[in-house]
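Protein sequence lines correspond, in order, to chains A and B. Residue numbers for the first sequence follow my numbering, beginning at 19 and rising by one. Residue numbers for the second sequence follow my numbering, beginning at 210 and rising by one.
Please note that the accuracy of each hint is not assured.
Claimed, not checked - In silico DMTMM-like cross-links for lysine to aspartate or glutamate, where the CA-CA straight-line distance does not exceed 25 Å:
(1) A/Lys108 / B/Glu410
(2) A/Lys235 / B/Asp264
(3) A/Lys86 / B/Asp296
(4) A/Lys235 / B/Asp329
(5) B/Lys332 / B/Glu297
(6) A/Lys86 / B/Glu410
(7) A/Lys86 / B/Asp264
In case anyone wonders, no lab produced these hints; they're calculated from the structure. Note that this is a predicted model, so its numbers are computed, not measured.
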Amino acid sequence: MDTFCTVYCYAVSRSSPDICSLTRIYYDAGCDDLSFSASNGVVLATEKKQKSILYDEQSVHKVEPITKHIGMVYSGMGPDYRVLVRRARKLAQQYFLVYQEPIPTGQLVQRVASVMQEYTQSGGVRPFGVSLLIAGWDEDQPYLFQSDPSGAYFAWKATAMGKNYVNGKTFLEKRYNNDLELEDAIHTAILTLKESFEGQMTEENIEVGICNEAGFKRLTPAEVKDYLAAIA
Amino acid sequence: MDSVPVNGVLRSRLIETTIMALEYDGGVVIGADSRTTTGAYIANRVTDKLTPIHDRIFCCRSGSAADTQAIADVVTYQLGFHSIELDEPPLVETAANLFRASCYRYREELTAGILVAGWDRRKGGQVYCVPIGGMLVRQPVSVGGSGSSYIYGFMDSNYKPNMTKDQCLELTAAAVSLAMERDGSSGGVVRLASISKDGVERRVILGNQLPKYSTH
Chain A
19 MDTFCTVYCY AVSRSSPDIC SLTRIYYDAG CDDLSFSASN GVVLATEKKQ
69 KSILYDEQSV HKVEPITKHI GMVYSGMGPD YRVLVRRARK LAQQYFLVYQ
119 EPIPTGQLVQ RVASVMQEYT QSGGVRPFGV SLLIAGWDED QPYLFQSDPS
169 GAYFAWKATA MGKNYVNGKT FLEKRYNNDL ELEDAIHTAI LTLKESFEGQ
219 MTEENIEVGI CNEAGFKRLT PAEVKDYLAA IA
Chain B
210 MDSVPVNGVL RSRLIETTIM ALEYDGGVVI GADSRTTTGA YIANRVTDKL
260 TPIHDRIFCC RSGSAADTQA IADVVTYQLG FHSIELDEPP LVETAANLFR
310 ASCYRYREEL TAGILVAGWD RRKGGQVYCV PIGGMLVRQP VSVGGSGSSY
360 IYGFMDSNYK PNMTKDQCLE LTAAAVSLAM ERDGSSGGVV RLASISKDGV
410 ERRVILGNQL PKYSTH
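Put together the whole structure using the sequences plus the hints.
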């Protein structure tokens, strides 16, 4: 009985305090990111501060495409994110193989969130230390979802995650309206990011992804520079 | 298409098909007939045997319709995943190798003769042949299906290296038409496609527009 309890508690206790502390961890240590659903697209924006100028910023990305029409970004632990990106890509392909149709954003989010939930209820593993923002376009509509380490997922019109998510959300609440176009949304997203940005914001230390009827695309540094110039 | 009664059920096949693919400087041209049969019955007279695998990579299918569709679907999955992981368009050689891997591993269960053709940045237009059994070889010109037997001579004598895209399209249309004329199991319309860095252009030549060769 004791042994059973101990073992059980061991398995559980490894996860439950961790879920709470993980939540805190990713909110404290994670970078800021936010996303925005416009009338004709979705924008994801994140800061990507590297610890040293010697890092090759373009070799690792936070904003990642999952399919032609869906992309995502994260707040939290990079290595955990990589695993989920790979999983999501496989899930999307699998869906297409069965249904001969590009996976609807909501379906992908459900499946990814299921994976994240699995890791809160299985033995010997810990929950994913990331919160995901998933942006997609299907059936002529933009979609934006958040997925947490618990496996809970939410749809958003606009949201912020990370260190200063409170200020971010407040800023977005003031500036969001349903008729915003993608261009304005990108502009607003970058402004929101700037609010809590320490230091100089350049095209090398932020990443922006957009999703519209043409599909999902991560903006090149040159394109980001143009938008930055507009707010300078 | 052949019929092979399996457990009393006829299977659709594409074996009596004519497919071909040619390389030109800057891309590839592919062509096929449009007949799918179960036995003597033409199950589909407007079949599309030119199947997209990725943005600039197609495959031409001959053999069992079910087998080639299933393989093409699996390779589309594998290549789609591979390409998005790499964050760049996939190589034609990669696609061809994925086809070969499936066709060789399951060679005892499958009847699939596939031509993989497309364009990539590294080597331009390429045609790879994956015949029954699962071999892989790159060829500038490749024909397949039962109708191909009738046009090997035509291809050998009429193909010249460094043809333009339009010459390739004409040659493909002519060759497939000739094969369709002689092969009872090829027929319908001629489907053509050309793939280059600028994209894919598809065309159909209907029965009454086919080049005519017989004089009687």
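Checked hints:
1. A/Lys108 / B/Glu410: violated (30 Å)
2. A/Lys235 / B/Asp264: holds (16 Å)
3. A/Lys86 / B/Asp296: holds (11 Å)
4. A/Lys235 / B/Asp329: holds (21 Å)
5. B/Lys332 / B/Glu297: Holds, because 15 Å separates the two Cα atoms, which is no more than 25 Å.
6. A/Lys86 / B/Glu410: holds (21 Å)
7. A/Lys86 / B/Asp264: holds (11 Å)
When held up to the earlier numbered hints, the structure conflicts with hint 1 and nothing else.
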